[in-house]
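> Single-letter residue listing:
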Amino acid sequence: EAGVAQSPRYKIIEKRQSVAFWCNPISGHATLYWYQQILGQGPKLLIQFQNNGVVDDSQLPKDRFSAERLKGVDSTLKIQPAKLEDSAVYLCASSIRQGRGKTEAFFGQGTRLTVV
Amino acid sequence: DAKTTQPPSMDCAEGRAANLPCNHSTISGNEYVYWYRQIHSQGPQYIIHGLKNNETNEMASLIITEDRKSSTLILPHATLRDTAVYYCIVRVFGNEKLTFGTGTRLTIIP
Numbered sequence: 001e002a003g004v005a006q007s008p009r010y011k012i013i014e015k016r017q018s019v020a021f022w023c024n025p026i027s028g029h030a031t032l033y034w035y036q037q038i039l040g041q042g043p044k045l046l047i048q049f050q051n052n053g054v055v056d057d058s059q060l061p062k063d064r065f066s067a068e069r070l071k072g073v074d075s076t077l078k079i080q081p082a083k084l085e086d087s088a089v090y091l092c093a094s095s096i097r098q099g100r101g102k103t104e105a106f107f108g109q110g111t112r113l114t115v116v
Numbered sequence: 001d002a003k004t005t006q007p008p009s010m011d012c013a014e015g016r017a018a019n020l021p022c023n024h025s026t027i028s029g030n031e032y033v034y035w036y037r038q039i040h041s042q043g044p045q046y047i048i049h050g051l052k053n054n055e056t057n058e059m060a061s062l063i064i065t066e067d068r069k070s071s072t073l074i075l076p077h078a079t080l081r082d083t084a085v086y087y088c089i090v091r092v093f094g095n096e097k098l099t100f101g102t103g104t105r106l107t108i109i110p
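So the protein lines, in turn, are chains A and B.
In this text, residue positions in the first sequence follow the numbering used here: the first is 1, and each later residue adds one.
In this text, residue positions in the second sequence follow the numbering used here: the first is 1, and each later residue adds one.
In short, the hints are calculated from the structure, not lab data.
For every residue, glycine included, the Cβ atom is placed at its ideal position computed from N, Cα and C.
Hints should not be assumed to be uniformly reliable.
Just a few of them, taken from the derived set where beta-carbon distance is under 10 Å, the chain B residues facing chain A [stated by the list, open to error]:
| # | residue |
| --- | --- |
| 1 | C12 |
| 2 | P76 |
| 3 | H77 |
| 4 | L80 |
| 5 | T83 |
| 6 | R91 |
| 7 | F100 |
Using the sequences provided together with the hints, build the complete structure.
Okay, structure coming up:
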C-alpha cells in the first residue's frame with residue numbers, strides 16, 4: 001500500500017515570497033490533515049478536510065495561508081507571503097475510520113521549509 | 001478533547017522495558033487514549049489506542065487505570081530504534097481531529 005506522498009521535500013525561499021506544498025493521501029482516506037511542526041515542538045494542526053470539505057481550520061493563519069482539496073483527493077497548502085516564523089516542517093496526513101474505535105492517521109515525510 | 005500531561009524526557013537502557021506515563025485526568029467516557037511516536041526526521045506513527053481495557057499489539061502495551069485518569073505505554077524490550085518522541089493523545093471516536101502536545105522524548109541508552 002502506497003503511503004502519503006508529499007512534495008517537495010525541501011524548500012528555501014525569501015521572506016515575502018510565496019510557496020506551495022502538495023500532498024497525495026492514501027487512496028480511499030476521506031480525512032486529510034495539514035500540520036505545521038516548528039523545531040522542538042509537537043505538530044500543530046493547521047487544517048483538516050473531510051473529503052473536499054473543511055472540518056477545522058481554526059489555527060490556520062488565513063491572512064497568509066490557504067489550502068484546498070480538489071475532488072476530495074490531492075491537497076495543496078499555500079503560503080503567501082511567507083514570514084521568517086513560517087520556517088518549519090509541514091506534514092500531511094490522511095486517515096480512515098476503522099473498527100474498535102480506531103482511527104489511524106498516516107503521515108507523509110513532510111516538507112522542510114526555510115524562510116530567509 | 002481532554003488535555004494530556006507527559007514528562008518532557010526519559011531515558012531507558014536498551015533491552016529493558018520502557019514505561020511512558022500520561023496523565024489525562026479530565027478524560028470523558030467517550031474519549032479514547034491514543035499513542036503515536038515520531039522518530040527523528042519522520043512523520044508521527046500510530047502505536048496503539050484504548051478506551052478502558054488494557055491493550056497489546058506487536059509494538060507495545062497500553063495500561064489504562066481503572067478511573068481512566070492516566071495511562072502507561074510499555075515498550076517491553078526497548079531497542080535503539082525506539083528512540084523517539086512519544087505523544088499521548090485523547091480523542092473522541094468519530095471526531096477525526098488529532099491534536100498533539102509536546103510529548104516525551106525517550107532516549108534508549110546502549
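> Now look at each hint and say whether the structure bears it out.
Here is how each hint holds up against the structure:
A hinted interface residue such as B:C12 counts as satisfied when its beta carbon comes closer than 10 Å to some beta carbon of chain A; here the least separation is about 21 Å, so the hint is violated. Because the beta carbon of B:P76 sits about 21 Å from the nearest beta carbon in chain A, more than 10 Å, this interface hint is broken. Checking B:H77 against chain A: minimum C-beta separation of about 24 Å lies over 10 Å; hint violated. Interface restraint check: B:L80 against chain A, minimum CB-CB distance 21 Å, threshold 10 Å, status violated.
Of the supplied interface hints, the one on B:T83 is violated, with its beta-carbon coming no nearer than about 16 Å to a beta-carbon of chain A, more than 10 Å. Here the hint on B:R91 is kept, as its CB sits about 8 Å from the closest CB of chain A, short of 10 Å. The closest approach between the C-beta of B:F100 and any C-beta of chain A is roughly 4 Å, which is under the 10 Å cut-off, so the hint is satisfied.
Going through the hint list in order, the structure does not satisfy hints 1, 2, 3, 4 and 5.
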